[in-house]
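**Student:** According to this note's numbering, the stretch in the sequence shown is residues 1 to 425, in order.
Where hints are given, some of them may not hold.
Simulated crosslink set (PhoX-like; lysine-lysine; CA at most 25 Å straight-line) [as the list claims (entries may be wrong)]:
| id | residue 1 | residue 2 |
| --- | --- | --- |
| 1 | Lys133 | Lys302 |
| 2 | Lys123 | Lys308 |
| 3 | Lys123 | Lys159 |
| 4 | Lys250 | Lys191 |
| 5 | Lys323 | Lys250 |
| 6 | Lys302 | Lys265 |
| 7 | Lys226 | Lys397 |
| 8 | Lys49 | Lys265 |
| 9 | Lys323 | Lys132 |
| 10 | Lys318 | Lys263 |
| 11 | Lys308 | Lys323 |
| 12 | Lys226 | Lys54 |
| 13 | Lys263 | Lys316 |
Restraint ranges, calculated between C-beta atoms of paired labels, are given here [what the hints assert, rightly or not]:
| id | residue 1 | residue 2 | range |
| --- | --- | --- | --- |
| 14 | Asn227 | Glu43 | 37 to 47 Å |
| 15 | Thr34 | Thr211 | 23 to 33 Å |
| 16 | Val179 | Ile201 | 39 to 49 Å |
| 17 | Thr70 | Tyr311 | 28 to 38 Å |
Hints in this document: simulated from the structure, not taken from any laboratory. Note that the structure is predicted; figures quoted are calculated from it, not measured. No residue lacks a Cβ here, since even glycine has one placed at the ideal position from N, Cα and C.
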Amino acid sequence: MKKRLLLASLTLPLFMHATTLGTLFDALKKQPQTRVDEMLVKEADVGLKSVYAKLWPQIGAFASYDYFSTATGLRPVPPNEMFPMIKDQTIPQPFSKNISRIGATVAMPLFVKSIFTYADKTKKLKAAAKAKKRINLLKNEALIVGANANLQYLNAMQKALEGKRNSLRKTRAFVEIKVKSGRAPKSALYKIDDALSQIAIALSDVALGRTKAIQTIETLTGIHLKNPVAMHQKGDLHTEAIGALEPLHKRVEADRLDVKAQKEKLWPSLMLKGSYNKSYADAYNNDKSIDEEYGNVGVVLKVPILDKSQYTAIEKSKIALQKERMQLAKEEQSLVAQAAALKDSLAVIERAIALYGDSVRQKERLRDIAKVSLKAQRITIEDYLRYEDDLATQRAKLYRAKAQKWQALMQLAVIYTNNIEEIVQ
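Please construct the entire structure, taking both the sequences and the accompanying hints into account.
**Tutor:** This is the structure:
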């Protein structure tokens, strides 16, 4: 009794936390394929920071020791300062063959137009990475919904086939009685057995399909399902704009800014530079220890006059922009056609589901009538089996149409970047 209570306490949480579609979506967001897209967004963010880092001053420190073949100045000495040193040799002159130096340098761009344009370009690339991340997530969520819909279809097919098998087994039981009593030929049993064999083959195909659907969901979420999760449509599909093109739009904008930045490299640039230097040595005229320091700060205007490689870089960036624009036009044309076809097919599928549902109900009645007629020997076994086959075929069409509806709906949701979690639950 205690073991049973312990087992119940362990298994109860599993039933309380049953797998739902939301659980699958949450698991997807923690999987490597989703985390890779997050890393790409972070990479783009670091790229933006690296562009802005070029606007910061570059400060460095140095230390050096130099030996010169002739006495060299520790610092520039103006003539008015040098003349008294020449007259009075007790004054150490700032020249030596062995000089040690320490100091610091600073450099900073004051105006480099291309840096700001590159920053705008990197922002577009970051936006493109974010859009791509969202679309990839939607694609994977759509795959989960599609695989789950396929699993629902296969489960329904399995139940339908098992129902047909049970019906045939019952029919076989009373046909067997008739065969034993000589009121029916033995070939009637062979026909039913052949039909049962065909059902076994179909059930095997269904089992393989279920394994594939379960594997698809497990690959995306890491969760192994035994049966499909329940789902229903709770929101409407919005088809205002083809959001799946957003990453390409952002990349085109980024390439356009790249062309602009390459051109701006031919603009004049203004740089701030400075240095501080402290030198140590023994004066060459009297070997007295001396230390001297001096520094400078200035502004440099750099004007490119001829840079053939930069003109080539501009041409390359223009070609890259044209390629990206053509890719956008190609993808837009494809998605517009695909969306139109999916909308048409979705309307057809919805009508077909209603028609298949009515047809299944009618064929169920006809099958039941045929079973009674067979018992009364008013129809042959072939006629009865035909009613069973017609019912099974129509059920398969109904379940397949329901799965196709989910798949078409999810493809449209990805194209128009709808929030799938708001559409299906």
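**Student:** Please verify whether Lys226 and Lys397 have alpha carbons no more than 25 Å apart.
**Tutor:** 23 Å, holds
**Student:** Is it true that the CA of Lys302 sits at most 25 Å from the CA of Lys265?
**Tutor:** Roughly 11 Å between the alpha carbons, so the hint for Lys302 and Lys265 holds.
**Student:** Between the alpha carbons of Lys226 and Lys54, is the straight-line distance 25 Å or under?
**Tutor:** Not satisfied, since the Cα-Cα distance of roughly 56 Å exceeds 25 Å.
**Student:** Against the 25 Å threshold, does the CA-CA distance of Lys123 and Lys308 hold or violate the hint?
**Tutor:** 29 Å, violated
**Student:** Just to be careful, I want the Cα atoms of Lys323 and Lys250 compared with a cutoff of 25 Å; is the pair within it?
**Tutor:** 14 Å, holds
**Student:** Holds or violated: Lys263 and Lys316, Cα atoms, limit 25 Å.
**Tutor:** 12 Å, holds
**Student:** When you check the alpha-carbon spacing of Lys250 and Lys191, does it fall within 25 Å?
**Tutor:** 65 Å, violated
**Student:** Would the pair Lys318 and Lys263 pass a check requiring their Cα atoms to be no farther apart than 25 Å?
**Tutor:** At roughly 11 Å apart (the allowed maximum being 25 Å), Lys263 and Lys318 satisfy the hint.
**Student:** Could you tell me whether the CB distance from Asn227 to Glu43 stays inside 37 to 47 Å?
**Tutor:** At 40 Å between Cβs, range holds.
**Student:** Does the alpha-carbon distance linking Lys133 and Lys302 stay inside the 25 Å limit?
**Tutor:** Violated - the C-alpha atoms of Lys302 and Lys133 are around 41 Å apart, more than 25 Å.
**Student:** So if I understand the rule, the pair passes when the alpha-carbon distance is 25 Å or less; does Lys323 with Lys132 pass?
**Tutor:** Answer holds: Lys323 to Lys132 is near 19 Å, not above 25 Å.
**Student:** Is the distance from the Cβ of Val179 to the Cβ of Ile201 consistent with 39 to 49 Å?
**Tutor:** This hint is violated: roughly 25 Å between Cβ atoms.
The structure fails to meet hints 1, 2, 3, 4, 12, 16 and 17 from the earlier list, while all remaining hints are met.
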